[in-house]
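Undergrad: Here's the letter readout for the chains.
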Amino acid sequence: MSVELDVFVGNTTIMDEEVYQFWLDGYTVNDAVKVRMEGGVLEEYEASTDVLLSDTMDQFRTFQMCERLLHTPAKLANQLLFQIPPHRQTMLIERYYAFDNAFVREVLGKKLSKGTKKDLDDISAKTGITLKSCRRQFDNFKRVFKVVEELKGPLVENIQQHFLLSDKLARDYAAIVFFANNRFETGKRKLQFLSFQDFAFCAGQLISNWTVGAVDNMVEDMDVDLDKEFLQDLKDLKILINDKDLLDQHKSLVCTALRGKTKVFNEMEANFKTLSRALVNIAAKLTNTKDVRDLFIDLVEKFIEPCRSDRWTSADVRLFLTYYTNSARTLDTFRHQVTWDRYMDVIKSCILKMYHD
Amino acid sequence: MPGKLKAKIVAGRHLPVMDRASDLTDAFVEVKFGNTTFKTDVCPKSLNPQWNSEWFKFEVDDEDLQDEPLQITVLDHDTYSANDAIGKVYIDIDPLLSCEAATVISGWFPIYDTIHGIRGEINVLVKVDLFNDLNRFRQSSCGVKFFCTTSIPKCYRVVMVHGFVEELVVNEDPEYQWIDRIRTPRASNEARQRLISLMSGELQRKIGLKVLEMGGNAVLGYLQCFDLEGESGLVVRAIGTACTLDKLSSLPTAVLPACNSPSREMKESPLAQAPSHGCRSSHNSPVHSAAAASARLSQGFSVSVPTLIFTGMRLHRHRSLGETGREHTAQTVLPGRQCRPPFSEDPNPNIHSSGPSTPLKNQTYSFSPSKSYSRQSSSSDTDLSLTPKTAAGAASWRVGPRVSLCPSFPALSSEPLSIPNTFYLPLRPRAGHGSATPPPPPPPVSAQSNSTMLRKSVSFSEDLLLAAFGMGSGGSAGKDGGPLKTLLRQQTQSALEQREFPFFTLTCFPPGFLIHVGGVVSARSVKLLDRIHNPDEPETRDAWWEEIRQEIKSHAKALGCHAVVGYSESTSICEEVCILSASGTAAILNPKFMQEGCLDSYSEHRLEDPAPPSCGFCHIPYDELNMPFPAHLTYCYNCRRQKVPDVLFTTIDLPVEATVMGKGSLIQARLCRLKKKAQGEVNATAISNLLPFMEYELHTQLMNKLKLRSMNALFGLRVQISVGENMLVGLASATGVYLMALPAPGGIQIAGKTPSDITYEQHISNMQKKINDTISKNKDLYEVHPQEIIEEVIGSPIPESRQRSRLFRSHSESSDEVSELDLSHGKKDAFVLEIDDTDAVEDIHSLLTDAPMPSGFYSCNTEIMPGIYNWTSSLQMFTSVRVFRLNNVNLTNQGLNKIFNDLCENLLKSLYFKLRSMVPCCLCHLNFAVAVPEEELIQVAVTAVAMTFDKEQAQENFKANMEKAIMKVISENEEQLQFPLELCTETPAPQPFSPSKGTGHQDGGGIHTSARATSVDYSSFADRCSTWIELIKLKAQAIRRGSIKTTASQEKGSPLPEGRSRSLRCMRPFPSSTVSVVKMTPLSFLPGTRIIKYLGIINMFFIRETTSLREEGGVSGFLHCFIAEVFAMVRAHVAALGGNAVVSYSMKECVFMENPNKNQAQCLINVSGDAVIFVRESEAEATAAAPQTSSMQNLSGAAEANA
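Protein chains in written order, with my numbering: chain A, 1 to 357; chain B, 1 to 1203.
No false leads were mixed into what you were given.
Which chain B residues stay away from chain A? Per the calculated CB distances, all over 12 Å, these:
no., residue
1, Val10
2, Ser46
3, Ile758
Capping the alpha-carbon separation at 20 Å, the derived lysine to aspartate or glutamate pairs in EDC-like fashion look like this:
no., chain 1, residue 1, chain 2, residue 2
4, B, Lys210, B, Asp542
5, B, Lys127, B, Glu54
6, A, Lys75, B, Glu1125
7, B, Lys898, B, Glu936
8, A, Lys132, B, Glu1111
9, A, Lys142, B, Asp23
10, A, Lys168, A, Glu157
11, A, Lys146, B, Asp23
12, A, Lys110, A, Asp294
13, B, Lys898, A, Asp50
14, A, Lys75, B, Asp23
15, B, Lys8, B, Glu59
16, B, Lys127, B, Glu63
17, A, Lys273, A, Glu305
18, A, Lys142, A, Asp25
19, B, Lys1158, B, Asp180
20, B, Lys6, B, Glu30
21, A, Lys235, A, Asp345
Quick caveat, the hints were computed from the structure, so don't treat them as lab data.
In this text, a Cβ means the ideal position worked out from N, Cα and C, and glycines have one as well.
Based on the sequences and whatever the hints tell you, model everything.
TA: Structural data, given as structure tokens:
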């Protein structure tokens, strides 16, 4: 004999957050039951395994039925099928769209295409995250991407409005969309030390300073694509390294200001030209899509690694970049202050964020 | 006649993609009513179309308005091929036909398809302009209000209870028509849904007509059921209680505290309880006990041992002895009993010299109240010497019309004795075995002997019946009753006797309505289904039910009762066999509620007419010398004046006035019996033969479990017997309580077979120990500490009222000569269970040890849980369904029992686990429905509500309530003046009552209501108050202040409360979200809230089918989704009516069929309930911190509770 059918439906949909997490994490019903049993729900409630199994199955089924709605979270508030209190709805959505840092790090900057989807089993094996959970997270990225791709207006707000996510999560998704759209390279070994949060921060900086939307906020794709004119203008910065006088002037200004303020002054003085060349060259090459993709790897290879090998502290880096940026403004023959500031503000905060072990 | 129905299609949303190419849909809508169809424009390429159509107008008869639903079909336009249907919405416009309910239906409805489920939503507006129909011969009954609620709806008062209404309509089931072979499943399902919708509309209309004929304007406790008889057709039948209701216009909120939940009142504000408490304690006052004395004539009360009494043909003869025109009545009572097979008289006939007494008694019935004093008092029926019966049950084997092919075989389609035997047999072990007479047979054997006994006792017959009748009616009245009481009795009798069936589907009554309760009466009948040849003449089915009802009526008479309350009917169908069941509680009712004008004409007596004591309903209605069954009677433990039985079983909710110790508990008896597969008559015979044993077993189990919890009464008893191809499944559920008025139950003692070895003795004593442990554990769990213990435990959580009444009792014990009486039966005697083999030991052990509830949980199947008063507002209604497959073919009865028992226990455990976050909470109205859908399947469906309560506050509120009671009433009166204008605005328009009775009563209704708000009528207030002795001073005060607002004149003398309106100021507390929250509950109230308006009945039937079962998550996924969809559709309809809750919700039918091999499944669900608007009490009110403003309703409500 066996239980053929077993359902429980409440007028207010009953959901256990713990079980929801198991479901999101891609556990099978049996695994979830096992974990719950170890968790001690049983002793508390003198429930038998059958009871736990029945409860878990039931909730998994509920979540599965809700999943369709979670794909368009705005529907969840308007649908009639499940009566879910608003705070629960928020919880459901927020958790459904939450992702594992380990997973997102793997797909960040990759094209959200079928091809990538096929690699998910590798990612699953590598990260220890269940394939089911990987698929959900990947599909979430893709879904958000598809929806906001063609929308006007600020990226974060669009995401928030369409997916009812918290501000923090919406920003993370903005970063993911932005990286996916620009296909930034994040997977190289040299970049492995960077966390998703580092990239998300950088993405935020890029979005709010370098995109079309940063200057004109009613353009399509405004927050997803970089401002082409700006990238073009960046070529003008080359004068800082091509003009010998300017370069020397710049170096002396920085060195005067920093003398005695840092332990690595000598290294800084010795490397100034290399570092300055590196930063300006990165700027000048950004018209090239390929080089845009390599922005982060370039920053690491050309700037962060040399500094690190000279044992700069992050305070040293901050000091250097601050004076490096500011003194360029005071150069008499340098006429591209606006472009310079727009470029260096972002580069500075990105480097500072990325400058750790 | 005429009505104009208008509908407007506004918009759609979340539509499914119908065109794969564009991922969009070109939707349009067809609106159909009767034969008229309108279409909207196509809204191209949108999943969220905005049609914003014109108003589609249908000019139709109101008859059609009642029968037909508005049918809205959403389609996808397709240029080249046929348009695809997306789904449909059926809107029942009945709520719009009553002027008091909803005025417009407006909202988002789920678009439902029987194959795909919900597919998006559509926003619709519907209105009706109705012209008054003055045609006397009309076929419509617009304006009659229907309520599923089985108590008096809040915000109404009952002017009069007219009584039982029933109707059934039959038709061919479209699923079994030839055309079904060629049409799609979708078309079949839709044809069926539509037909059932039409049939229930028609049924409701017909019942409405009956109500109008009776002079009523509403149906309470409306219970509609479908019988899917397969090949032989489709039956839709309904029963209900016709009433004349009056809207409490001034105060939609203050309600009859009476009807339902004391707990609700209490909860609402601590003060609410006060008056009812005051009322209770006042019974203990000298005045009341005097009253109780005069009430003695009403003779006590009975055990729940209904009897299967058979009224033979001779009844006519006996009755004809009656001198007056009573004969006439007797005959009207009899039709339908003709097909009784001749039975041999009991060899040892019940000696009953009813000769002289009968006529007397009958006579009194026919008298008009004014005449009868002297006669009554002279009729000393108590002299009747009925020998106490040794065997009480009587089997009525009846040959049903269909099976009468072989009259010589009486068992065919017999209706085995109903509960009687079972009810009363459980008592027998005590009576017989307890006193150590013959060794008890094992269960099966005892059942056997039982049956033989039953056969013998068939003779029980008319003599006894008449005797019982006499007892119940006026007989004993003469002995000790005052004339007034007798008079009342007569009135009731005559009022009730005029009715063919004095049945009431209500389960909850205003205090004082129930005078005595006799016990459960039930009847079952096995029928073979036959094709219904002429749907317009459903005579066969009508006759079947007629028979059953007659049976019930005669059982009630045998218990000395003239009415049946808590009445319900049900069927179980398997192939061509159908078990019809009916059950209720025999009772004697207060005539005040039954007769028009009665109140006025006797108002001068009301001061002397005491409210019945709180224990009154427990007193036996029959004569103790002529008990219809053996029972142990003792003097009432509350008043010490009347006899009470040792155990009381009823189908009703716990009366408000009942004094209960501790908490209640859900008690279930579960049973499976194997049966050979058979066809036709053989099958019917086999089933009939099994039924009595099952009833016996179930009741034995109930009794055991009751004892095990140290309780002495069952409320809300519901016995279900379902038939399958190879087994019968029985499930009896009830709520056990400890009634203070009844003796404490003894323990359970286990006895082994007489010659036994030591190990066996050992075993027995172990068992005994276990049982004793369980009993003492249960006592703590349910806080039942009978008798001695109670005095010791001063700080016990027992509310003070109980302690008081208890104290009072002990006074009377010492001062009253009654205390001399032998009270020995009560607690001293143990209930003896006899065992004669180890199997039986195991059996008993497993039966007796239901898994304990986890701490923090309580459960009951009644509306409220005795002992819990402070509900918080959080609640969770749920439905859970399980289907169990028995793979093991060679099961024994015992194995099967165990499986079924485990199934139920596990289901309960799962529920507790699911709802663990709500602790402390109580599962209320736990309603189990069992079915045997296929040979090896058992299906159990449960619908219930979990309600949380606050452990801490209970007592304080309770005490505070009563202390402040009187003061509150005063402040209430002051308060009333504050809102006169508001009251006026809320005045309902006159209702279209039929003036057929020429009372002028209802006619005046509307006019008076408008006057009501401002006029001051002291006299009516006086009338109202005068019934409550304890409020006399209040009246004086109030009049002095001159601040009394009155009730309308038709309310004069009414014992029912009038409302006050505070909540008018409150607006609907809807959140601003697009989907409004709709609460659902199977109860008639929502704790912490007030229902301010009833919007109409919700009665919906859905079919869902799938041909891709696996893809939808298997059977569980399929059903889970369907139930969620049904909830969603109910909520949407309620919200569209402007409501925010469904009360008295129930799932009547859940028929599930699957064919996994074909990847198919189908399910039919029927749900019903009342759509209401409630307002939440503000926090301020709940805490009652500001007594001035807060307690008005409570007060008025409570005050009325005393009436």
